[in-house]
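Residues per chain, in single letters:
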Amino acid sequence: MTDLPAQKVDLKSILSTPARVDNSEGMSYLQSVPRRIVTLYIPLSIIVIILLFPFYWMGLTAIKPDDQLLDLDKYNPFWTWNPTFKHIHKLLFESYYPHWLWNTMYVAVGATVLSIIASVLAAYAIVRLRYKGASVVGGLIFLAYLVPPSILFIPLATVVFQYGLFDSPLALILTYPTILIPFSTWLLMGYFKTIPFELEECALIDGASRWQILIKIVLPLAIPGLISAFIFCFTLCWNEFIYALTFLQSTPNKTVPVAIVNEFVDGDIYRWGSLMAGALCGSLPLVILYAFFVEHYVSAMTGAVKE
Amino acid sequence: MADIALAPRRAKTEIREASAWDQLRHNKNWLGFWFMLPAMAFLIFFLAYPLGLGVWLSFTDTRIGRVGHFIGTENYEWLWDDSIFWLSVFNTLLYTSIASAIKFAVGLYLALLLNERMPFKALLRAAVLIPFIVPTVLSALAFWWIFDSQFSIISWSLKHLGLITQNINFLGDTTWARICVIFANIWRGVPFVAITLLAGLQTVQPSLYEAATLDGASRWQMFRFITYPLLTPIIAVVMTFSVLFTFTDFQLIWAMTRGGPVNATHLMATLSYQRAIIAGQLGEGAAISSAMIPFLLAAIMVSWFGLQRRKWQQGESND
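From first to last, the protein sequence lines are chains A and B. Each step along the first sequence adds one to the number in our numbering, with nothing skipped, and position 136 is 136. Each step along the second sequence adds one to the number in our numbering, with nothing skipped, and position 49 is 49.
None of these hints come from the bench; they were simulated from the model. Computed from a predicted model, the values in this text were never measured in an experiment. Idealized CB from N, CA, C, for every residue including glycine. Among these hints, one or two may not hold up.
To be verified - Across the chosen pairs, the derived CB separations fall in these ranges:
| hint | chain 1 | residue 1 | chain 2 | residue 2 | range |
| --- | --- | --- | --- | --- | --- |
| 1 | A | P285 | B | L37 | 30 to 36 Å |
| 2 | A | S95 | B | G162 | 57 to 63 Å |
| 3 | A | P196 | B | S218 | 28 to 34 Å |
| 4 | A | I46 | B | I179 | 14 to 20 Å |
| 5 | B | Q166 | A | L289 | 32 to 38 Å |
| 6 | B | L37 | A | F93 | 43 to 49 Å |
| 7 | B | V55 | A | F85 | 27 to 33 Å |
| 8 | B | G52 | A | V38 | 31 to 37 Å |
| 9 | B | F90 | A | D67 | 39 to 45 Å |
| 10 | B | L94 | A | A208 | 54 to 60 Å |
| 11 | A | V38 | B | W56 | 56 to 62 Å |
| 12 | B | G52 | A | I46 | 44 to 50 Å |
| 13 | A | Q31 | B | Q205 | 18 to 24 Å |
To be verified - Calculated pairs, BS3-like style, for lysine-lysine (alpha carbon to alpha carbon, straight line, at most 27 Å):
| hint | chain 1 | residue 1 | chain 2 | residue 2 |
| --- | --- | --- | --- | --- |
| 14 | A | K193 | B | K159 |
| 15 | A | K193 | A | K132 |
| 16 | A | K74 | A | K90 |
| 17 | B | K121 | A | K216 |
| 18 | A | K132 | A | K74 |
| 19 | B | K28 | A | K132 |
| 20 | A | K216 | A | K193 |
| 21 | A | K86 | A | K74 |
| 22 | B | K159 | A | K74 |
As the list claims (entries may be wrong) - Computed list of chain B residues with no C-beta within reach of chain A, every gap over 10 Å:
| hint | residue |
| --- | --- |
| 23 | G72 |
| 24 | T232 |
| 25 | L282 |
Chain B on its own, in the form it takes in the complex (with noise of 0.2 Å):
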């Protein structure tokens, strides 16, 4: 009986006032703040600060084991008379602007024959994207091989063919090495561009087909008037990612030219790395990677506002 007694009010001690402790351990704020803490201190210490400091720097003399000191715009005004910069600047947009075009006209190409039904299409699937796979710079040497000035197994088809007498000095002639080298970018860059906008394909409804092969619309109509509208989000993700990987590119350039010949192939990348890294100007090469800075910017820019007008266009709701 005095168990029974007792029970209650040995419940009811426990239940107590919230203490400030388990207010602020069911705290949203408090919570997300430790949840978060590990993620953000990366992202400041190796990544915020590191943007700010490249900027600051940019602006000193600072060489390898050298503190450097403020001087203003110094290291911009030797940049703005500098012809290999500006040279690097422009293989830089022509390298991304030509190869960007080139990448997004085969991946979707190649998106749309993959969305087609056939036989073995996981395995041609996962075999399309094996590019993307392998390290780059490890595909780069293998093309570094392709495309080798004595033994390239493009000379020696093209002259066993009969179409060409002497061997193509691809990565020694000026035209060619920017060639080859673009080749390579859109070479790895295709099997992303055509496996993501394959994803966007498949979520298209192919009863909007039916309907429009029942109006007489031609296979061209059904891609302008179907497809191309309703992957456009997709596309314009894709490729902001294309045009800024391909932007920054570095390794593919230092693995098959480093930037030669007579820096023809030199991208604002591989020039900052040259600049600071090797020959020690750290402050000169943090200027050319700061200014990549607007250029990046800018193509952020272009895809989204592009990506805003066309939903707006399309009078959908901006979700």
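Only chain A is shown next, with the shape it has when bound in the complex (with noise of 0.2 Å):
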């Protein structure tokens, strides 16, 4: 008789016992938590937290009173006790600052929408239209995006000002999109390439012009293109300083960046409250917009490096 097993062996336990639970992907077993938290998490954390500290402090300096701030072996600086609204009170309701937020937005609404119609046109007829010379002037339009503003901004002073436009929001609606054009010409152009040919010649067929099909059938499908141009030109057109700082003079008609470098800036010692104040309420707008649509500014930003 053959010897049959000596120890019986339990399946049924070996079954019901689960397997070792294993959540991890790809290689990531090879690497120890101890490891990783050497490598990774310390470094990065150290980044970030650089990274993120100036607008802690941004924000921290606008809720302080005065003496907390100027007082720095009484009170821990890094943090608060009974914070006030006084300097964003200041801002909001005795100097400028309304008027300097609606300038700096109508602006940036005005030359963000000039330039995206003007691109989407632009883009359409270079992807599409191809025609004679298309390619040449898509080179062309990426070479006018590396021409910096700091090379611009004194023959545009006398342009700007020969149109008349000085000291004039126009002024900067009708310059900014030399900054925006390129751009985001560029990125609609790698969004109307994914899109299928077919669709554009089953409306030929079916007798729509190219404005009929521009309008009805390339523009639906390339929306969130359009989202992350208007998104990162209206960022640029909201950080823009240069043109801003030359072409305006007058208090009430200065954009939030250029105001709060000039009008706020004087000898007093107290005037650091406002100030921060005033950054961080010229920079929540962005954030706040950015938070809504992180996604789609990554994808501009990366689209137009990719491309």
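Could you fit the two chains together into a complex? Lean on the hints.
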């Protein structure tokens, strides 16, 4: 007789106990937890803290009472007791700040809308009409992206003066598109290329004109791209400084970045609270907008580089 | 019956010869011209024309409120002997090279860290980009406050740690002022480099790393021989942008130091603003900003040909 197995294999218990829990993906099992802490979490948190600290500091300064701002021995500067809205109140009700915010918004929206309209038409023509020399024009537009405003502001100042636009928001609405159009055209070209050509061919056979194709077929499909371009352009406008500094003169006409640098910087040692409150209020609209559209923003930024 | 007989005839009349207008309406070049018109108008009137005008202005003695006359290369000769101009060139090159190198190193490192699998990754990525969203001038003001000579939080912390006894005069000392503006520039630029490189990293196939692990590659070797070569094209583009915008930086300096102390942080852009707009010498300012053009062209060329050569070495087609 053949020997039967001496030990009975308990199949049931093996099958019922779950296998070792393994949630790791790919090759991450090769890394132990302590190693990940040293090589990943510690450096990452240091970098993130450095990147975010100025904003914490900005916000904290904006709500600190003046005596705590300047007396570093009595109070620990990293925190505040009895926060105050005095600085923000002063900013909103005793200065031109609401004017400046409104100017910035007006200029940013105006310039962005103009640029997006011009870029949609240009990008569609370059990618889909493919007229003679389209690729050369595409390359030139990319080169235009590389021309920095700090080379252009002196001659532009004379141009703006000649056209009688000096000290008017219109000067900014007309000059900002030179920064925005190259970028958004390049971005939208990438989006339009991904829309299947067959859709347009069908529409052409059905007798649609190029204009109808653009409005009714291409644009609805390119909405993510349009949002990306819009947000990125809006941020660029808000951030622009040198043109606004050069072309605007009178205090109520200024945009937020220029006004804060020029109007709040006086000899007063108590200026820090309102200065930081101004910086905070000028940043918040963008940060809120960004919080809602992170993915679009990132795709705009990376899309323009990858193309 | 009459209707039936009439119908084909009516249909027939609708097919007619394409008129010249119809042909034009469907002509690609004609349509393309009208579609391109708005963008081209902006770019020609407010970009190409001023670019040419700027070069022309640099050969004239134009001042604010006075039409200039052609004076040849006098502005450039004047600048050639101007020690402040040469100091600003030196500052610009120093600022660009140090800031770009560190931005690249830290940005790449941060991108590699963010590419790991971890909890709250999306949130972290969003937080990292915030310095890039907030207007540069406003964050520069925050740095101005952080680097204040009397109430700097850094001086306070170092004093309480017992490392220094006196406040550091961050923006009043030439060396410290340079370090501070370079730091602020790096702080502002790292998110851009990191997030764009991260987008590049995410396109690298994990199977390559698995194969390399089976072959016994170390982490450094995996980076050196897989990640880095595959990332080269995107690195070239990102660094071109980074160098370009660092070289022509204006707002960070203007908000933090306005070129001081003793011109130690004057870049070419801030110097041209000071000469052209504040002092009113438009011609001289235009000469300084035109002097930036050769440097910019050189930067574009280096990255462009660097990119081409890399592709050629890898034996890829130039697409």
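Kindly indicate which numbered hints from before are broken by the structure, ordering the numbers from low to high.
-> 2, 3, 5, 7, 8, 14, 17, 18 and 25
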